[in-house]
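Line by line, the protein sequences are chains A and B.
Read in order, the letters of the first sequence correspond to residues 1105 to 1198 in our numbering.
Read in order, the letters of the second sequence correspond to residues 4 to 477 in our numbering.
Just to be clear, a hint being listed does not mean it is correct.
As the list claims (entries may be wrong) - Simulated DEER-style distance windows between Cβ atoms: (1) A:L1172 / B:K383: 43 to 53 Å; (2) B:K54 / A:V1148: 42 to 52 Å; (3) A:N1159 / B:D258: 34 to 44 Å; (4) A:T1131 / B:K67: 53 to 63 Å; (5) A:K1135 / B:K383: 27 to 37 Å; (6) A:H1185 / B:T473: 51 to 61 Å; (7) A:L1172 / B:K67: 20 to 30 Å; (8) B:K407 / A:T1131: 11 to 21 Å; (9) B:G281 / A:R1162: 48 to 58 Å; (10) A:T1131 / B:Y363: 11 to 21 Å.
What the hints contain is simulated information worked out from the structure, not anything from laboratory work.
Think of the CB as a built atom: it goes at the ideal place given N, C-alpha and C, for glycine as much as any other residue.
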Amino acid sequence: MDVKHIAKLANLTLSADEEKKFSSQFTDTLKTIAKINELDTSKVEPTYQVSNLHNVTRPDKIQPDRILPLETVMASAIGTHNGYFVVPAIFHEN
Amino acid sequence: MVILWSRLSSMKTDLYRLDIAQARNKLLKKEISAPELVRSCLERIHQLNPKLNAFTYINDSAIKQSEHIDSSLPLAGIPIALKDNILSAGLPATASSLVLENYISQYDSTVAKKLKDAGAIIIGKTNMDAWAHGSSTETSDFGPTLNPHNTDYLPGGSSGGSAAAVCADMCIAAIGTETAGSIRQPASWCGITGFKPTYGRVSRYGIIAMASSTDSPGPMTKNVSDAALLLQIIAGNDSQDATSSPSDAPDYSKDINSKISGLRIGLAKDYLLPGMSGQVISLIRNAAADFEKLGASVEEISLMDPQYSIGVYTILQRSEVSSNLARYDGIRFGKGRDSFAEEAKRRIMLGTYALSAGYYDQFYRKAQQVRTLIVKDFEKAFKNVDLIIGPTSPGTALPVGASKNQPMFGEMEDVLAEPSSIAGLPGVSVPCGFIKGLPVGLQIISSAFNEKKILQAAYAYQSITNWHKTKPQL
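Assemble the whole structure, with the sequences as input and the hints as a guide.
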């Protein structure tokens, strides 16, 4: 497994130690998981959820009692500007 | 008079020892007041938390909140501890991770709202494995919780803080959450009653998501009748959680003391694992004999080897974690992703791998197919028996440090809770004996939405045993 690549996909930064350690731990974990390959599931449908509920919807209406004041919504943000969240820049000038 | 007064005052300082029913009774009779009850628990928390680290936040304003409580409410003035992944507006919710170290809940989870609407007082937030990733509380970024029965040992997890808090009488009852074992296993290791409801019976809204297809909040209490009382309050349909069941919750306390004669119980012989201590097995067999004394029939039954569940659970949990923890971007709330500790990183990455292009069928789909086999295996078993019993955990609590450098620690310790969790079934763990001063848990599993049957059987068991009354020396 390409640990560096996976870390990049998951937007995580690893130390060199973690990279090494995870690599061997993942190999062990995948070996343990492989036990399920003993079972023949060629004719078995997957169970993605056990609630047996389908397409649960609720009316598309504003619920006034659930609206949070703007200051509550922004209270935990590291950076705000004029009632907006400040996000890291994605595009950079050359 | 002097003697009477000292007795009375000692009674009042020992209020933390009460269960919900006893506390409610004394409150209604006006023998005690809600602030006295809350103060007693708070003093107990302040006395023991430096030793046990069960709480990540102690709500000292709880006394004030209990002053004008409407005594007609079902949980009026009852101090309840919440696991720190459950949002209660205005209180911290860290999930025991540094990422959320400074996060204050902006709204109420449905569970917290229902408890507060019922008059309960949220006395504090309890320690857990960070993000509920683990079965030891050792992965908490705020240090492990210790087992009140012996502080050289772990309380289990991930709801280890809630289990230790109930065990050490730091609250009257607590709420935990379980994805696969996180209520039942710490209940087993701490010798309390831990009830994991059917998936969808209790709303997940406002609870920091771990594995959304199995997450189930539930009561952690001093006995079974309290579990029924608490479940009644928190169960029910919730329009904010699309997976919550639309069916009505029955009255869990009504007929809880029904006779269980004629009940068909299956002892899962595959849960008596090779290498399991003979003492654990004989305590489970003793419990089976107790059920026979109560008039139930007990037969040994075969279930699918629980070892298969380890693989299924690991894949499902890691995959769902990688998706659920993707929201922590450090922009809207919380710190950035560099604040994730090792265990969270490991789980996010393995899940990302399992879901990544080219591997999906091999891992995620395969796991969901085996999940079908597990569901069918239980359906078959419940054609012949009403309930299944077995040990909750492979053994008693393990020593502090046991989970270090063991990335599969939780999966191995929860092997007996994983099959029923994967199938979404309800289960309880109740104490059924002690080995070298550490509790052993008996689990009772039923088919979906048969919580009432579990409660009746567990209540009957506690009516003829005293294990649940055995308290640690603190």
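Each hint tested on the structure:
1. A:L1172 / B:K383: 43 to 53 Å: holds (48 Å)
2. B:K54 / A:V1148: 42 to 52 Å: holds (50 Å)
3. A:N1159 / B:D258: 34 to 44 Å: holds (36 Å)
4. A:T1131 / B:K67: 53 to 63 Å: Given range 53 to 63 Å: holds, Cβ gap about 55 Å.
5. A:K1135 / B:K383: 27 to 37 Å: holds (30 Å)
6. A:H1185 / B:T473: 51 to 61 Å: holds (58 Å)
7. A:L1172 / B:K67: 20 to 30 Å: Taking Cβ atoms as reference, L1172 (chain A) and K67 (chain B) lie about 24 Å apart, which means the hint holds.
8. B:K407 / A:T1131: 11 to 21 Å: The hint (11 to 21 Å, Cβ to Cβ) holds, given that K407 (chain B) and T1131 (chain A) are roughly 19 Å apart.
9. B:G281 / A:R1162: 48 to 58 Å: Holds, since G281 (chain B) and R1162 (chain A) (Cβ atoms, about 53 Å apart) stay within the stated range.
10. A:T1131 / B:Y363: 11 to 21 Å: holds (20 Å)
Taken one by one, the earlier hints all hold for this structure without exception.
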